[in-house]
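A.B. asks: Line by line, the protein sequences are chains A and B. Final position of the first sequence in the working numbering is 258; the numbers increase by one with none missing. Final position of the second sequence in the working numbering is 1638; the numbers increase by one with none missing.
Keep in mind the hints are simulated off the structure, nothing from the lab. Every value quoted in this text rests on a predicted model; they were computed, and no experiment measured them. It is possible that part of the hints are untrue.
Pairs of lysine to aspartate or glutamate, EDC-like flavour, derived with a Cα cap of 16 angstroms [as the list claims (entries may be wrong)]:
{"no.": "1", "chain 1": "B", "residue 1": "Lys-1546", "chain 2": "B", "residue 2": "Glu-1585"}
{"no.": "2", "chain 1": "B", "residue 1": "Lys-1456", "chain 2": "A", "residue 2": "Glu-126"}
{"no.": "3", "chain 1": "B", "residue 1": "Lys-1239", "chain 2": "A", "residue 2": "Glu-126"}
{"no.": "4", "chain 1": "B", "residue 1": "Lys-1092", "chain 2": "B", "residue 2": "Glu-1077"}
{"no.": "5", "chain 1": "B", "residue 1": "Lys-1007", "chain 2": "A", "residue 2": "Glu-129"}
{"no.": "6", "chain 1": "B", "residue 1": "Lys-1511", "chain 2": "B", "residue 2": "Glu-1608"}
{"no.": "7", "chain 1": "B", "residue 1": "Lys-1456", "chain 2": "A", "residue 2": "Glu-129"}
{"no.": "8", "chain 1": "A", "residue 1": "Lys-63", "chain 2": "B", "residue 2": "Asp-1081"}
{"no.": "9", "chain 1": "B", "residue 1": "Lys-1456", "chain 2": "A", "residue 2": "Glu-125"}
{"no.": "10", "chain 1": "B", "residue 1": "Lys-1631", "chain 2": "B", "residue 2": "Glu-1604"}
{"no.": "11", "chain 1": "B", "residue 1": "Lys-1457", "chain 2": "A", "residue 2": "Glu-126"}
{"no.": "12", "chain 1": "B", "residue 1": "Lys-1631", "chain 2": "B", "residue 2": "Glu-1609"}
{"no.": "13", "chain 1": "B", "residue 1": "Lys-1092", "chain 2": "A", "residue 2": "Asp-35"}
{"no.": "14", "chain 1": "B", "residue 1": "Lys-1489", "chain 2": "B", "residue 2": "Glu-1449"}
Chain A regions said to be covered by chain B (calculated; three or more residues, Cβ under 8 angstroms) [stated by the list, open to error]:
{"no.": "15", "region": "12-18"}
{"no.": "16", "region": "79-88"}
{"no.": "17", "region": "136-148"}
{"no.": "18", "region": "160-174"}
{"no.": "19", "region": "229-238"}
Beta carbons are placed, not taken as given, at the ideal position from N, Cα and C, and that holds for glycine.
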Amino acid sequence: MSHHSNRLDRDEELEFFEKMLSGGISDRILLIHADGGMGKSHLLREFVQECQNKIIHVAMDFKSGGISIPELLSRLCDAIGWEHFDNLSTLIQQFNTGTTINISENILLGQNKIAIEQALNAPDEETREKQRVAITDALFHDLRAFPKAVLIFDTFNDCDPVVAKWISGAFLTRACHAKNIIVVIAGRIIPEPALDWHGICHELVLHGIESKHFEEYAKSKGIKVHPERIRGICDAFNGRPLPILNQLEAYNLQERHS
Amino acid sequence: MSDDLLKNLSEAANDDEREWLVTKDLLDSLPENLQRVAYAASIPHWFDSKVLSALCPDLTEQIENLLEQLSHLPFVESFKDRGFNIHEKTRKLILDHFWVEDQDKYIAVSKAAENYFDNAIKASSEIANNQIKKLKDEIKEEDILQQKIQEWIDNNRKALQGFDPQYQIERIYHLVIADPEQGADAIWQQGVEWHDEFDYTYATLTSFIKAIHEHIDNGRVKDRAKYWVLYWEGVVASKQYQYLNAKKIFNHLMSFVSKDNRLWAMANEDLGDVHNQLSELPEARARYEEALPLYRAIGEKIGEANCIKALGDVHNQLSELPEARARYEEALPLYRAIGEKIGEANCIKALGDVHNQLSELPEARARYEEALPLYRAIGEKIGEANCIKALGDVHNQLSELPEARARYEEALPLYRAIGEKIGEMYTILNLADVASKEKKFDLAIQLAESTIETAKKISPSNVASAFNNLANIYEKKKDYPKAIEFYTKAMEIFTGSQAYMIRNRANVYLKMADAENAEKDIVRAEQIQPNNPFLFLRKGELANLKGNFEEAIIFFMKAIDIIPRFSGAFFGIGMSNLRAGKIQEAKISYQQGLSFTDAVDELEDTIEELEKLKSRQPSLLGVDDILEMLKTWKPDKK
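Next up, chain A with everything else stripped away, as it sits in the complex (with noise of 0.2 angstroms):
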């Protein structure tokens, strides 16, 4: 099936990725485009596992709700450590001078976040924006630090549109021009390629697995099903695992209970 065991098969694209990462292709920025249940983020999670311990590395699901930009910051900065993080951490407080935080009266938010929302606050939005393109030039002035990181957005669907406005403009823009960043985003809806970064970027769409995969997958569990059926059900949903995956495990209980 794959060289991973327990799982279907994602090899083409668990492939592209190592490419990634090694170099081996130029695109450094990966759309995954897919219906509910096609797996997307089951792959995400191997991408994870693949730079688990090698590769500095940050995943993010927008599908908690509410993510701002300074929580997406706050987030990514606290998951790699602050400390790598000067030029951001300096240009906050510069935008901060002169105000103070009373953290006994913002506890739900944490100071880093407090301070990069103020550090974002201006009355108009141009000046809004200005901020957040300095802040968003100071983050990747950070993170070409790094020998190779790697940043991966899950459920980008469920992102707020201020933040998904900002992904697909400054963010993605400046990730383009840090040679050392891969971007990975996923979702039911995926940033549309901008012009100076389209180049850079590949956009993949998840299509159904075939159902020999299927059929070997439940060999390996054990479930006791006719492989006419396994494509019966494959073709009834076009290859889409969720519903395919729980049709196997209500034929694993019967069996059990039987």
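Starting from the known structure of chain A, arrange chain B on it as the hints suggest.
C.D. replies: Below, chain B alone, put in the same frame as chain A:
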């Protein structure tokens, strides 16, 4: 089921129906308790053993084991830092069927979920309050206290998770099902708290709206709760400058009927603001008038005062100055009664603006001087800068040019410090105006031109305004073709209802004695702002140009009806009488005009007009006397 599965799958009407067949088969295959837990786990957006215990309290003892089994099912995913969740697609199918097939059970589980998240929020709050109180008692130095609190927060993230806004969203998400009326109130109250975020992205409010929409889109939530969600959607669109979208959302909301006076009052007021932003002033007025009695009915003083003030602003923009003043005077005691300092200061400043437009300059100055310390006391920098700039405007109109410049130069760094581009731009334009009055035209033009790039970053209407001000300088320089060129450019950039630019160009055409083009502009300006005093002034001047002196006097009188101290209109009547041979009446009118004149330079155009008349008609009686009267006039410094 299994035997018929392929047949049923092929006969299913759509993908959802097909997917439900297999999901249901799996759910039906689960042992009874695991099945119960699976249905309950679909209600929240995420779950762990504590959540599941709260949803199925009778299974508490087995819950860890059941969670372990549940987590291995294909439709269960891990959820970072919060446990697990049911896959979005499967969850939707389960909830749709759960709602239809056992609504009472659905509501009961939602009630338990609401209770769980409410308790989690309260528990985090209690833990934090106790610890902070303890640390405050122990540590008196503020810096060290903040550091210790931060350290404690970092080490107790899990216990403080109830502070995460997603917990509050989750609580209300379940409350709208458990108790729709309380849920609707919670949507209103939570929206009030979240509609004002530091970074203006409204991510939390947007996430909140999205969560409740899930119920609305599936028909589980109706009426008030649904309307409040629509309301906040409109607010977010409006805050993000998507005025047309906001108008669409608010109008959609208005198509429903609700007895919630607060909701209807707030929606009407906000839609009024949107109309205002779109320069749809009659529509804005209608909305504020609709909101006002609703606020009164619920005894919401701040809403009532804001609506009255907003109505004053509409009157002000329509040049209905007495009505604007009356509204501001009505709102002011309301703001004072509830101690709303910002509203009080804004009303006083607005009253100053009305006085200013009515040429009641001492009264305007007094109002600005009254508002200024109020703004300073509450740290409202923009109000402070606006007041200082307005005081500069008063000096400017009195031709106290060094004082005017000093005020503008005081306001400018305040605007810059808070990044207020519009205030900065108009202050520079005012400095340009001062320079042009000092006949330093090159400097004035340079200053006005320097604002164009800034204006481009703000909005087309501000670019148009910058060109309009540049044209004003050329008009003062008497370079009329250049003035017309820039007024025309301003109008081309902003095609909205900027009637003052059209009237300004008409003024230049009148000075060039081009009656045909002046009339075209006057007609166009009248279509936008039919009751503006400066429109009547230009109509009077046009009638004078055409020799229709009686008609001219009627127009000038209309202008005086609106601004009783309108010196320019009195001079217009003087000119009509003079040219009609009524010398005594003319002298009286010029004297009246002088009694309302604040500065010598206000007389420049009038003197020039009389000198032109003298050169055209040297035998016309009375011209020399009036010229002498104007040239020797000095302002009453009192």
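A.B. asks: Give a verdict on every hint.
C.D. replies: Quick rundown of the hints versus the structure:
Pair hint B:Lys-1546 plus B:Glu-1585 does not hold up; C-alpha atoms about 20 angstroms apart against a cutoff of 16 angstroms. Under the criterion of a C-alpha separation no larger than 16 angstroms, the hint pairing B:Lys-1456 with A:Glu-126 is consistent with the structure, at around 11 angstroms. Under the criterion of a C-alpha separation no larger than 16 angstroms, the hint pairing B:Lys-1239 with A:Glu-126 is consistent with the structure, at around 14 angstroms. Of the supplied pair hints, the one linking B:Lys-1092 and B:Glu-1077 holds, its CA atoms being roughly 14 angstroms apart against a limit of 16 angstroms.
Annotation: proposed proximity of B:Lys-1007 to A:Glu-129 is violated, straight-line Cα distance about 56 angstroms (limit 16 angstroms). Simply put, B:Lys-1511 and B:Glu-1608 have alpha-carbon atoms about 10 angstroms apart, close enough for the 16 angstroms limit, and the pair holds. Between the alpha carbons of B:Lys-1456 and A:Glu-129 the distance comes to roughly 15 angstroms, so the proposed pair stays at or under 16 angstroms and holds. For the hint pairing A:Lys-63 with B:Asp-1081, the CA-to-CA distance comes to about 13 angstroms; that is within 16 angstroms, so the pair holds.
For the proposed pair B:Lys-1456 and A:Glu-125, the alpha carbon gap of about 13 angstroms is at most 16 angstroms, so the pair holds. For a cut-off of 16 angstroms, the pair hint linking B:Lys-1631 to B:Glu-1604 stands: about 9 angstroms separates their Cα positions. A threshold of 16 angstroms between alpha carbons decides the hint, and for B:Lys-1457 with A:Glu-126 the separation of about 7 angstroms falls inside it, so the pair holds. Restraint check: the Cα-Cα separation between B:Lys-1631 and B:Glu-1609 comes to about 13 angstroms, which is no more than 16 angstroms; the hinted pair holds.
Restraint check: the Cα-Cα separation between B:Lys-1092 and A:Asp-35 comes to about 14 angstroms, which is no more than 16 angstroms; the hinted pair holds. Of the supplied pair hints, the one linking B:Lys-1489 and B:Glu-1449 holds, its CA atoms being roughly 13 angstroms apart against a limit of 16 angstroms. Three residues within the 8 angstroms Cβ limit are the bar, and the region 12-18 of chain A against chain B gives 0, so the coverage statement is violated. With 0 residues bearing a CB less than 8 angstroms from a CB of chain B, the region 79-88 of chain A misses the requirement of three and the coverage assertion fails.
For the region 136-148 of chain A, the stated coverage by chain B is violated: 0 residues have a C-beta nearer than 8 angstroms to a C-beta of that chain, whereas at least 3 were required. Counting residues of the region 160-174 of chain A whose C-beta sits closer than 8 angstroms to any C-beta of chain B gives 4, which meets the bar of three, so the coverage hint holds. For the region 229-238 of chain A, the stated coverage by chain B holds: 5 residues have a C-beta nearer than 8 angstroms to a C-beta of that chain, and at least 3 were required.
The structure is inconsistent with the numbered hints 1, 5, 15, 16, 17, although it conforms to all the rest.
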